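Protein chains: 2
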Amino acid sequence: MKEGGQGMARKRCEIICVGTELLLGDITNTNAQYIARGLSDLGLDLYVQTVVGDNENRLEQAVRAAMSRADILLFTGGLGPTSDDITKEVVARCLGTELVLDEQALDDIRAFYALTKRPMPISNEKQALMPRDGQLLKNPQGTAPGCLIFGKQGHIAALMPGPPREMRPMLDNLVLPFLRQFSDGGLYSRAVRVVSLGESRMAEMLGDLIDQGTNPTLAPYAKDGEAMVRVTARARNREEADQLTGPVIEEIKQRLGRHAYGVDVDNLESVIAELLLAQGFTASFLEAGSGGLAAQRLQRTEQAHQVCGVCLSAPTIQALANLLHMGPASCEDPAACAQLAGAAAKRLNTGCAVVIEVRERAIACAVSLDGQTRQYAQALPERGAEYYRVQAVQSALDMLRLMLLDRAEAQVK
Amino acid sequence: MKEGGQGMARKRCEIICVGTELLLGDITNTNAQYIARGLSDLGLDLYVQTVVGDNENRLEQAVRAAMSRADILLFTGGLGPTSDDITKEVVARCLGTELVLDEQALDDIRAFYALTKRPMPISNEKQALMPRDGQLLKNPQGTAPGCLIFGKQGHIAALMPGPPREMRPMLDNLVLPFLRQFSDGGLYSRAVRVVSLGESRMAEMLGDLIDQGTNPTLAPYAKDGEAMVRVTARARNREEADQLTGPVIEEIKQRLGRHAYGVDVDNLESVIAELLLAQGFTASFLEAGSGGLAAQRLQRTEQAHQVCGVCLSAPTIQALANLLHMGPASCEDPAACAQLAGAAAKRLNTGCAVVIEVRERAIACAVSLDGQTRQYAQALPERGAEYYRVQAVQSALDMLRLMLLDRAEAQVK
Numbered sequence: 035m036k037e038g039g040q041g042m043a044r045k046r047c048e049i050i051c052v053g054t055e056l057l058l059g060d061i062t063n064t065n066a067q068y069i070a071r072g073l074s075d076l077g078l079d080l081y082v083q084t085v086v087g088d089n090e091n092r093l094e095q096a097v098r099a100a101m102s103r104a105d106i107l108l109f110t111g112g113l114g115p116t117s118d119d120i121t122k123e124v125v126a127r128c129l130g131t132e133l134v135l136d137e138q139a140l141d142d143i144r145a146f147y148a149l150t151k152r153p154m155p156i157s158n159e160k161q162a163l164m165p166r167d168g169q170l171l172k173n174p175q176g177t178a179p180g181c182l183i184f185g186k187q188g189h190i191a192a193l194m195p196g197p198p199r200e201m202r203p204m205l206d207n208l209v210l211p212f213l214r215q216f217s218d219g220g221l222y223s224r225a226v227r228v229v230s231l232g233e234s235r236m237a238e239m240l241g242d243l244i245d246q247g248t249n250p251t252l253a254p255y256a257k258d259g260e261a262m263v264r265v266t267a268r269a270r271n272r273e274e275a276d277q278l279t280g281p282v283i284e285e286i287k288q289r290l291g292r293h294a295y296g297v298d299v300d301n302l303e304s305v306i307a308e309l310l311l312a313q314g315f316t317a318s319f320l321e322a323g324s325g326g327l328a329a330q331r332l333q334r335t336e337q338a339h340q341v342c343g344v345c346l347s348a349p350t351i352q353a354l355a356n357l358l359h360m361g362p363a364s365c366e367d368p369a370a371c372a373q374l375a376g377a378a379a380k381r382l383n384t385g386c387a388v389v390i391e392v393r394e395r396a397i398a399c400a401v402s403l404d405g406q407t408r409q410y411a412q413a414l415p416e417r418g419a420e421y422y423r424v425q426a427v428q429s430a431l432d433m434l435r436l437m438l439l440d441r442a443e444a445q446v447k
Numbered sequence: 035m036k037e038g039g040q041g042m043a044r045k046r047c048e049i050i051c052v053g054t055e056l057l058l059g060d061i062t063n064t065n066a067q068y069i070a071r072g073l074s075d076l077g078l079d080l081y082v083q084t085v086v087g088d089n090e091n092r093l094e095q096a097v098r099a100a101m102s103r104a105d106i107l108l109f110t111g112g113l114g115p116t117s118d119d120i121t122k123e124v125v126a127r128c129l130g131t132e133l134v135l136d137e138q139a140l141d142d143i144r145a146f147y148a149l150t151k152r153p154m155p156i157s158n159e160k161q162a163l164m165p166r167d168g169q170l171l172k173n174p175q176g177t178a179p180g181c182l183i184f185g186k187q188g189h190i191a192a193l194m195p196g197p198p199r200e201m202r203p204m205l206d207n208l209v210l211p212f213l214r215q216f217s218d219g220g221l222y223s224r225a226v227r228v229v230s231l232g233e234s235r236m237a238e239m240l241g242d243l244i245d246q247g248t249n250p251t252l253a254p255y256a257k258d259g260e261a262m263v264r265v266t267a268r269a270r271n272r273e274e275a276d277q278l279t280g281p282v283i284e285e286i287k288q289r290l291g292r293h294a295y296g297v298d299v300d301n302l303e304s305v306i307a308e309l310l311l312a313q314g315f316t317a318s319f320l321e322a323g324s325g326g327l328a329a330q331r332l333q334r335t336e337q338a339h340q341v342c343g344v345c346l347s348a349p350t351i352q353a354l355a356n357l358l359h360m361g362p363a364s365c366e367d368p369a370a371c372a373q374l375a376g377a378a379a380k381r382l383n384t385g386c387a388v389v390i391e392v393r394e395r396a397i398a399c400a401v402s403l404d405g406q407t408r409q410y411a412q413a414l415p416e417r418g419a420e421y422y423r424v425q426a427v428q429s430a431l432d433m434l435r436l437m438l439l440d441r442a443e444a445q446v447k
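Chains R and X, in that order, are what the protein sequence lines are. Quick note: to get this note's numbering, add 34 to the position in the first sequence (first position is 1). Quick note: to get this note's numbering, add 34 to the position in the second sequence (first position is 1).
Misleading hints may appear alongside valid ones.
[Claimed, not checked] Think about it this way: if two alpha-carbon atoms lie no more than 30 Å apart in a straight line, the pair counts; the simulated DSSO-like pairs of lysine-lysine are:
| hint | chain 1 | residue 1 | chain 2 | residue 2 |
| --- | --- | --- | --- | --- |
| 1 | R | 257 | X | 257 |
| 2 | R | 160 | X | 287 |
| 3 | X | 257 | R | 160 |
| 4 | X | 172 | X | 186 |
| 5 | X | 287 | R | 151 |
| 6 | R | 380 | X | 380 |
| 7 | X | 257 | R | 172 |
| 8 | X | 45 | X | 172 |
By construction, these hints were calculated from the structure, which means they are not laboratory data. Given the structure is predicted, the values throughout are model-derived calculations rather than measurements.
Between the sequences and the hints, there should be enough to build the whole structure, so can you do that?
Set out below in structure tokens:
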């Protein structure tokens, strides 16, 4: 199975994603990437990823092949209630154990259906079958529990649901913490989040750091309307890793200035929400053509209840202005756009109003903060509507962020 | 290798993606999905996808395993000029042929570097090595040509570059047209979209159709807050396929009733947008706690400009009511919620207003359409905020859809 004694060699992992819709390309396989990164962070070796369909023979073939190469097998998919869902049955068989009914799991599933006042289809009972040599993994996000299975030859299998929303918390909260015991150290990453700077220009500014980095390493990435630098150190624990990554991160922040908007933060809006809260503002967004995306992003932050005011969205700026009983309004002229933001702030009785307009191949936005206004407009190349929305919202949010930072600095002086 | 004579049985495909950054999750594997869909459209059977790193032994192991299961192997990655790039060498060896220098290919690579006025690294020459038993595949998007390799045992390998921008045109323009000769027709799928019915209950209602379906086949899927039945027929062309799928789809629609909201439509909101347009309504959404998700969905439809009114979102119902100068407002009591929708419709001077509230583990919504109101409330199990948002918006949108359908039917009578 593997070279050296079982306790000596590093454990090898493999990922097997089960699902015909995945195999045939109906949906993107984000699970494999997410799990791979989790294993990498733990410092566990991963050598193969496999995707198979909902077919018993081929799944069994894949499992047995993986068992001959690796110690730890991670599965997604095939835990549902239909006859296509066969992962537990096959893996249990290959690992040499059997499935038994877990009464507590069955009760949990029944309770879910009782709460939603719908009858439980009999087929759901199979979701409560658990491996005799194993352990149930709770799934607060769905009805199908996952499980660990301990094989007769020393293999460990972790079976997780297919839907990412259910798989990720199970992986992060249950599976990876369990697997940590098999790691002799890890990779610890930190992410410097960057806005209003293109990835290649950013990579240029950090060129020598990227080229020379061995531990830690630097990896530049582009994200939607943003960029990022992943700084990764190999160390025995987080504290050691931070000592390695700390100085590099400081250097990156120094070089990128305000373009670096946070380290290990969720997103731009979470940073803005903190600034709004600290300065005591609630923000209202008026969006024409961005589909309410800016409001949605801010309303998903932890502090949403404290920093979100009423937000409006409509296909046109004029429709928004009409609701607020304001006269003719436009964002085509920068001064008019800024004026609109100021008037909206007054009308909504708020210290912070943001106006966003998406037109054909052009975006405009304006922010009114504590009586000061700023505006921005940009023509864009031929892309898709989604691209314009993202650019418009990112520009507006970043402008708001900089105004909040400027205001904070001015108050200190 | 496979059952039956070589000419008789259908060719089986496998995909092997090569690249350590892919394996370790640094980048998303969109190539596998893209190729899988291309093969599916051609009606070629795909049974396994594999991802391995830039390691010669493990790649060889994966290739030989694939050769034992399949006839056509598609590869991405590992065609570059570095010592990590080994795909051609390994696959050629496994298939029983050797690499020789292709002078034309070498000239092309030299020309590219001359054009960009950069010296060609010597290592780039390996990109001009081509299989003796094979065929070069031109790569207008990059410097590494791909190739077909014809193996001694009848296998065919197609080697393509890793970067999607280079791989996709090579696949679409060269590889798939070449592979078409091995297909005896295509797979043609249609999707019946289903709402307000759980996947397992839906599968129960269609049980016999799912179990007995051979051509076409039925596959039930769950999606966020929805479900779907994919009906797939193998046929020589779309017209023949439709003759096979048509009757089954009618049977499905008959059994699922109004839960089946469309066939091959983009989403629920696109169906609603058509109904709003046909009946001459613009819809305004007032959302508390759903982050403006309902408005965003409707504003992304084709007909957005004609069917979207002004939409509001805020953390609480009361904040929304205050903006509209309405008194105390609530959605906790169903009657009050319905009343709020009616009052909002009047205030916004629109024929259609939808109120959505997401609270802790409960959702409520109400629709006012042409003076009629309907409301809905539901307690939910402990999940995440995202789950509540999706459920709330789906419930509201479906209620609106049903009211529009009822109104259309009533007008016919």
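Going down the list of hints, with the structure as the test:
no., hint, result
1, R:257 / X:257, "holds, 25 Å"
2, R:160 / X:287, "holds, 28 Å"
3, X:257 / R:160, "holds, 21 Å"
4, X:172 / X:186, "holds, 24 Å"
5, X:287 / R:151, "holds, 24 Å"
6, R:380 / X:380, "holds, 24 Å"
7, X:257 / R:172, "holds, 21 Å"
8, X:45 / X:172, "holds, 25 Å"
The earlier numbered hints are all upheld by this structure, with none contradicted.
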